[in-house]
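Enquirer: Each chain, letter by letter, is given below.
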Amino acid sequence: MRYERPETIDQATSLLAGAKGKAFVLAGGTDLLVRMKGDDFEAGLVVDIKSISGMRDIAETDEGFVIGAGVPCAALNEHAALHAAWPGVVEAANLIGSTQIQGRCTVSGNLCNASPAADSVPAMVAAGAQAKVSGPKGTRMVPVVDIPLAPGKTSLEKGEMIEAIVLPKRPARAGDAYLRFIPRTEMDIAVVGVGVNLTLGSDGTVETAHVALGAVGPKVVVAEAAAKTLVGTKLEDTALATLAAACSAASSPIDDKRGTVAFRKDVAGVLARRAARIAYDRAGEK
Amino acid sequence: MSFDAAYHEKKLNSVGTRPLRPDGVDKVTGKARYGADFNVPGQLVARVLRSPHAHARIVNIDTSRAEAAKGVKAVVTAADFPDLTNGNAEMYAILDNCMARNKVMYDGHAVAAVAAIDAKSARDALRLIKVEYEVLPHVVDVDAAMLPDAPVLNDSVFTGGVEPTPTTPSNVCNRAEFGHGDVEAGFAKADVIIERSYKTEQTHQGYIEPHACVATCNKDGTAELWVCTQGHFVFRQNCADLLGLDASKLRVTSSEIGGGFGGKTHVWTEPVALALSRKAGRSVKLVMAREEVFRASGPTSATSIDVKLGATKDGKITAGLATLRYTGGPYPGMWAELGAMTSFACYDLENVKTVGFEVLVNRPKVAAYRAPSAPMAAFAVESAVDELAHKIGMDAVDFRIKNAAQEGSKSSYGPVYGPIGIGPTLDAAKTHAHMSAPLGPNQGRGMACGFWFNFGGQTSSNMNIGMDGTVSISVGTIDVGGSRASMALIAAEELGISYDDIKVVIGDTNTLGYNDMTDGSRGTFSSSMATVSAARNAIEVMRKRAAITWDIPEEDVYWEDGHAKAAGSKYGNLSPLSVAEIAAESGNTGGPIAGHSELIADGAGVSFATHICDVEVDPETGSTSVIRYTVIQDAGKAVHPDYVEGQYQGGAAQGIGWALNEEYIYGEDGRLQNAGFLDYRVPVCSDLPMIDTQILEIPNPNHPYGVRGVGETSIVPPLAAIANAVSNAVGVRMSHVPVSPPRILAALKAEANG
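As you go down the protein sequences, you meet chains W and X in turn. The opening position of the first sequence corresponds to residue 1 in the working numbering, with each subsequent residue numbered one higher. The opening position of the second sequence corresponds to residue 1001 in the working numbering, with each subsequent residue numbered one higher.
Everything labelled a hint here was simulated from the structure, so no lab data went into it. You may find that some hints are simply not true.
Examples of chain X residues toward chain W, derived with CB under 7 Å [said to hold, decoys possible]:
1) 1620
2) 1661
3) 1741
4) 1742
5) 1745
Just so you know, even glycine gets a beta-carbon here, dropped at the ideal spot from N, CA and C.
Full structure from sequences and hints, please.
Expert: Written as structure tokens, this is what we have:
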């Protein structure tokens, strides 16, 4: 196995493009290093991207917040403007693993790992985040929702890597939230995760709503119909009940070691209701 | 020398204090050497090939390509383990479990092992071993395994303990019954009867340190084994028996232990490492991966238990009946029997009957887990006791107090109790502030009692008095929870010297006489007894040496406050001699001074505990938080109270994990789905409240300081205490442990839907 630590994106993508056998991008390494210890792991190349300029920066640009692929989740938490604009995304990122893990792991890695239970992904999808994807053919912007295809499988082509995640600018009266269910209090993996992103009109009516569900399908689920039920409401009890039912209906989970179909569908609704309430309150405070 | 082990009350200076443990700093700084921290020059690395099937016949194993691979020094299969067990079924089961002979009996069963020059060569070689399997139908569920049409794991097993012995083989290998009186007559006298069925899932001890060893077989027939174990003498005997070595030539040294809880009382990979070393002619290191620990070591039984309990309106239990079915993995055990013995041990019952069925399933061979089999039985019985109390409108504590066993009660498993602590723990629970603290919305309180036998057994210990008057002690029981500190305290008390002047080590198998394992909560009980005996023998020697120094008759020298003193007025000017002074002169008075002890520590007092817990349940998700937890347990005498509290808290923490989330989950294919700490959910720190403890001290009459074992009982009540609390919080009885969020939510929905 070859280890490379390129200093430019071009070097990184050409290494990845030219790799024989399986090639992996190493950012925080919190998934990759564990997998490397497994008996079945085989790799021809590991490309460590942390020395590439800009990879470990959060920049506030005209596009919004540009989060380099090497930025650890803990750094999101320490970025006051980002935290103020996207508290739901930041919280989701900081539910991953332990404090030590959060000091290494990245949202780009969480996304490319393509686990349906990834915590930061529903929050990013609800937020309308884009991935800046670089490859031998140049750079393209891809909605985060289109990166994972199935468990462990992404839409990235050979030689491509995520350079940054871009979170859009925030209007006034906007708020987001992410909640997940785990049987423990921490150090666990989502049985259900729900991201909600709302913007309100001046009278407190929901103007736009985005809801994304994690761990209830082979990839993150965009609950468009459920989100629509919130538009025009002020999150009255009936609106929340409708949202919950719609989220349960949008879920297509499986029975597995982490939960049952019935449990996941129920809890998706419960968490959607609770996350919507938090997002709404946050939006109202701005 | 004769040794009086009887309890005598006396003023204590060292016992009962809380000095720092001698092994603490090394452990928190990473200096302590655990199983995998030991290396020898030229050692090979071993890996084990394991079955991917729950049940299959091994048609053929071809190891030729692996043997020819670069870096590979030895490959072993069952062919390298000839059957030397002479019809001993228990040893044969261990042999077959270490390396599958004709069939693989569970997912993860070892079929071959490789020793190579490095980990990669060993791993690559495993892929070159071709095993041809004929897959057989499997069964993992305890109730399913008892059905007439269940796949039979072993067609030479006919249910024992029933007359006449059945003529067809089954997965039920034994039936055991306990009790006294006439339960039917008892139920006829009851005003209220409840009859319930319960289930508990299989859990693992979850020790943080995986099994690890380094084995060296020498050409001259001697061998050495460095190993993480709860009982190096037992490992020596088992390995020697299985491999045809002389036990006296196999020297076993125990490492520090990163948790065992019963799971390190059994050999798994050690005979394999020795066999590889014998074949390769080199030392072999074998460390299990976490996945292997889950798939192929431990775990405890899964159970299915029926309880019938009757009481009069004024709260007297008239009869108790329990039928207990425990999985043993693929080999016979006595797990249900232990469950049947412990079920009603807390109560004074006129009519009681318990029946245990041992059930074979395609899961790993069950190993002891902290008070093995008792937590599940207590879950069932204490759930039923709670429900019955509610039903007759009596407070759950009062109901238990009214029926609690006491000194002179005939226990449900036979013996008549001496002085015991169940009543006092219940009285303490009743008056504990926790019992009357207010509860908030969605909160519930539960309580439950627990019992464990405790064990004593064979023990030996050496005490050497150094020339400088400091003392070193060798004991043969592994220190799993601070027992070295306790031994030093006991020795300090006996000798009248400072705790800091005593160093305790765990001797290897060639330096001490045979010691039973650290199991049955026997470590501190039995080794402290041997330490007292050794100290008293050393004091005898020191009295003689003082008599020589003073040139007076030995009988005129007595021992007091850490000094030899001359008796009577005729030696008026002789100042007392300290341990250090006597030791300094030892070269002139007869040579080195030592005390030895070899004994069977009889009279381990039975142990009881009562636990109280408060939980809060989110009714929309079924998520349970434990918000307050109190352990009240009889210690006899807490030698080092910190480590007694640590045992109470540790047992409660493991029980809480078992009650709420821990379980083995099998797929349709009989393969374990959650062989890792991510999906086998032991509690993390933030899952637990501070676990409060109250130590009661009802002296054990059979120990010089009144000590009882404390290590196991604390895991017995939590399953029931938590389930009772959850049931009280949500208003629905929870009868299936773990009471995980999906189970709670499903129960709430079922209740709401009528």
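Enquirer: Determine for every hint whether it applies to the structure shown.
Expert: Verification of the hints:
1. About 4 Å separates the beta-carbon of residue 1620 of chain X from the nearest beta-carbon of chain W, less than 7 Å, and the hint is met.
2. The interface hint given for residue 1661 of chain X is met, as the beta carbon of that residue sits about 5 Å from the closest beta carbon of chain W, less than 7 Å.
3. Proximity of residue 1741 of chain X to chain W holds as hinted, the smallest CB-CB distance being about 6 Å (cut-off 7 Å).
4. With a cut of 7 Å, the hint placing residue 1742 of chain X at the interface with chain W holds, because the nearest CB-to-CB distance is about 4 Å.
5. The beta carbon of residue 1745 of chain X comes within 6 Å of a beta carbon in chain W, closer than 7 Å, and the hint placing it at the interface holds.
Checked against the numbered hints above, the structure violates none of them.
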